Amino acid sequence: MTNKAPLLFQDQGLLQLRERVDELLREARSQGASAAEAGIGIEGGLSVTARLGEVETIENHKSQSLGVTVYFGRRKGTASSTDLSSKAIRETVTSACTIAGYATEDPHAGLPEPDQLATEFPDLDLNHAWDLGVDEAIELAVECEDSARHYHSDITNSEGAGVDTHQGMRVLANSLGFNHGYISTRHSLSCSVLGQRGNSMQRDYWYTVSRDSRDLESARRVGEKAAERTLGRLGARTLSTRQCPVIYTAECASGLIGHFIGAIRGGNLYRKSSFMLDCLGKQVFPEFIRIHEQPLLSKALGSSNYDSEGVRCRTRDIVSEGVLNGYVLSSYSARKLGMQTTGNAGGVHNLMVEPAGGSQAQLLQQMGAGLLITELIGQGVNTVTGDYSRGAAGYWVEDGEIAFPVEEITVAGNLRDMYRNIVAIGSDMDVRGNIRVGSVFIEDMTVAGG
Amino acid sequence: MISENSLALARDLIMSPTGLANQDIDRVMAELLSAPLDDADIYFQSSRCESWVLEDGIIKEGSHSIEQGAGVRGVSGEKTGFAYSDDIELNPLLDAARNVTRIARSGSRGTLAPVTSRSRAILYRPIDPLQSIPDSEKVSLLNRIDRETRKLDARIEQVIVSLVGVHDVVLVVGQDGRQAGDVRPLVRLNVSVIVEQNGKRERGSAGGGARTDYRYFTDEDRALEYGREAVRQALVNLDAVAAPAGNMVVVLGPGWPGILLHEAIGHGLEGDFNRKGTSAFSGRIGERVAGDLCTVVDDGSLPERRGSLNIDDEGVMTQNTVLIENGILKGYMQDKLNARLMGVQPTGNGRRESYAHLPMPRMTNTYMLPGPHDPEEILQSVDKGLFARNFGGGQVDITSGKFVFSASEAYLIEKGKITRPVKGATLIGNGPDVLTRVSMVGNDLEFDSGVGTCGKDGQSVPVGVGQPTLKIDGLTVGGTSV
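Line by line, the protein sequences give chains A and B. Numbering-wise (our numbering), the first sequence opens with residue 1 and increments by one. Numbering-wise (our numbering), the second sequence opens with residue 451 and increments by one.
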């Protein structure tokens with residue numbers, strides 16, 4: 001049995017990819033495009049899952065793709081392929097050019113303004129290859145699942161534990177002379193187990209993810225947390241319909257902030273399909289709320305020097321003292337709105353909501369009686385009106401302490417009111433995603449149940 | 451017929467450009483079978499997709515993408531090894547096979563559930579929809595929809611029309627070397643509108659699609675009908691009042707509201723969850739899980755429907771599988787791995803998003819058979835409740851059985867009549883008992899218009915749903931009006 005480490009990318013490979021992406025741009029020019037943007041990505045990795053103490057799946061990943069956008073004046077066409085050969089490059093450019101031939105002149109279409117492109121490329125420390133053999137990965141997954149399964153006798157079954165390690169190499173170039181790339185890694189460990197007590201069967205999970213395997217929570221801890229979360233849900237019941245205060249745990253709160261970001265994205269604003277139209281400079285959160293973007297954080301999951309069109313990412317306050325300072329714009333949406341790009345083509349980078357109000361335990365004390373939401377299911381969010389209605393599970397809280405688990409309930413309100421009615425932001429920030437926020441305490445929502 | 455022509459065409463479309471010969475495929479399979487595996491397969495795929503988007507009255511964007519590659523899988527007991535390559539060439543495939551055989555450390559050669567090889571008429575023509583009409587006609591279709599839709603009402607602010615076509619060709623090679631192929635066309639058109647009245651905005655959206663070519667949208671005036679439907683929904687919602695909160699009688703309209711079945715019942719009846727005992731339906735075959743008016747099937751063999759396939763992604767012919775018959779749980783949906791481990795036959799539900807993903811049991815077209823009631827009679831029987839006519843998406847926790855689906859168009863029912871429209875709200879219930887509360891089933895079975903996409907473990911596949919009008923005596927409605 002070989003014990004091969006996953007694919008390792010070197011700077012040499014990055015140089016070759018930067019040459020390849022130049023070939024794409026040259027091809028676009030030779031087929032008549034007046035401007036072009038191109039990208040190539042290659043990634044590889046290993047995913048292993050274990051269930052009931054034994055390996056269940058071993059997956060080797062290795063994928064590649066190239067994409068090109070061509071402009072003929074203000075007409076645009078896009079094409080992509082998983083084949084990186086010179087023949088595929090020619091054919092992909094031809095497809096993009098054909099499409100551009102049918103597109104309509106759009107006065108706002110085009111590459112970013114040259115002075116907006118990133119010019120500085122500090123090392124963000126995103127590349128930490130994990131020299132993990134298949135056998136080691138299996139051992140780790142088994143250890144993780146074992147710690148969950150043996151945590152308590154009410155843990156009766158398992159969906160397994162998984163170990164993933166990925167490394168990717170991406171380059172982006174355009175005909176304004178931008179040509180850059182970077183190598184990054186992402187590793188994770190996850191576990192999902194079932195518990196049973198009487199007629200109640202429940203499942204929950206936990207995961208850890210990071211750029212550097214040394215920053216992951218231990219396999220044992222991930223398993224224990226999965227078990228704790230599952231056990232906590234056993235015996236859950238519904239609630240009667242009521243109005244009450246609500247606390248979103250950090251992992252649920254990131255979705256809540258995500259809806260806000262969706263509403264201030266250029267695409268939704270220029271289409272007038274947002275509940276945050278004309279809110280720039282207005283109070284949209286209470287005064288103690290600060291939301292800022294930190295794209296250059298070392299090792300963070302959302303870090304980047306430039307956005308998906310090469311525009312420099314910037315550190316900025318999107319909301320300060322509760323007032324909306326800026327939108328989330330690409331070059332295109334900015335032009336549609338008569339504004340400047342904010343370096344957010346492709347989204348935000350490490351969005352942070354500053355804590356204000358203490359630990360989650362302190363928030364629960366402050367709430368007294370109310371609902372602690374630990375899981376949300378379904379969509380149920382209307383970005384045009386802000387109307388919000390989602391399925392939920394969690395705990396009913398009495399006197400600041402968890403009283404009993406609840407499920408089969410919905411929480412509903414309007415996002416504009418919900419944001420204004422935030423009472424506190426916990427210090428228990430979840431750093432596993434691109435949106436970092438602690439528990440969020442909202443004064444009043446409608447909870448429906450049986 | 452399904453087998454020979456589709457296979458020859460698939461082989462031609464995938465293999466010819468690569469230069470890979472049958473003997474190369476045999477070598478890869480031999481490499482796989484050098485290890486003690488219970489099953490092995492190679493899945494070749496070549497897929498082309500295009501999309502066109504009209505917005506602000508102009509053709510704003512178009513894209514074209516090509517994805518091709520091969521996935522190599524080996525199964526040993528409950529264990530699976532998997533690797534794939536974007537290059538359909540001998541050496542990467544041999545490498546992939548070597549990686550896969552690592553799984554077989556303790557494997558024993560078991561017996562595979564034999565796959566019956568029948569033949570039947572193909573469900574859809576093996577065409578390339580991207581080539582079905584010239585690009586100029588695609589563009590003029592979008593422009594026409596935009597023009598005609600904008601004429602419908604002065605309150606329309608924004609019209610977005612998108613057209614997508616997929617030409618997906620797959621070739622599955624089983625461990626016995628047998629090959630099965632399928633050429634899968636898929637088209638989809640969507641119209642979404644924003645309307646404004648006195649500073650209040652609302653969105654409406656409608657669309658459809660099928661496994662055929664783009665002419666589907668010009669036939670029977672379908673494309674313009676999507677525009678009319680999107681505008682109608684948006685205008686209804688402009689007048690919507692706060693939705694009620696709490697448990698009440700809910701009447702679901704026919705067609706797309708069948709997403710209820712997909713979430714509440716369907717996922718919980720997929721073979722993998724039941725083999726592992728993680729579903730709220732595990733071990734409940736033969737038990738009552740629905741009212742006796744309820745018969746629910748999953749049928750991948752409906753002609754041209756979005757969720758249909760001639761063969762699944764393991765080469766097994768799709769079929770009509772009875773899930774619930776007159777309220778009694780009858781069976782699960784299976785892929786080869788879970789069927790073998792549970793000692794039953796595969797049901798043609800082994801599906802995967804692409805060659806870069808592992809297959810698992812997935813739904814195709816899931817629907818409830820019609821019942822005895824006139825839809826009007828059903829509404830008249832309700833003193834106070836909610837009538838939900840249209841839905842967005844849904845989700846389920848298969849272990850606790852709790853599911854949600856979100857209404858996008860709903861009305862209050864008062865004294866047997868539909869009265870005011872209410873805002874969209876999420877409905878939540880418990881899968882194993884929601885259908886036991888179905889007290890009336892309409893005689894008006896409808897399928898959705900061909901818009902469904904189902905996600906599971908990060909993999910998306912096209913699906914369909916259908917149902918007649920249903921009355922549920924108690925479901926929690928997540929509005930804001932207490």
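Accuracy of the hints is not assured; some may be wrong.
Facing chain B, from chain A, some residues (calculated, C-beta under 7 Å) [said to hold, decoys possible]: (1) 271; (2) 272; (3) 446.
Think of the hints as simulated: they come from the structure by calculation, not from any bench. Since we're looking at a predicted model, the values are computed, not measured. A virtual CB, placed ideally from N, CA and C, is assigned to each residue, including glycine.
So, going through the hints one by one against the coordinates:
Among the interface hints, the one on residue 271(A) holds; its C-beta lies about 6 Å from the nearest C-beta in chain B, closer than the 7 Å criterion. Annotation: interface hint on residue 272(A) holds; nearest CB of chain B at approximately 6 Å, less than 7 Å. The beta carbon of residue 446(A) is positioned within 7 Å of a beta carbon in chain B (closest approach about 4 Å), and the interface hint is therefore held.
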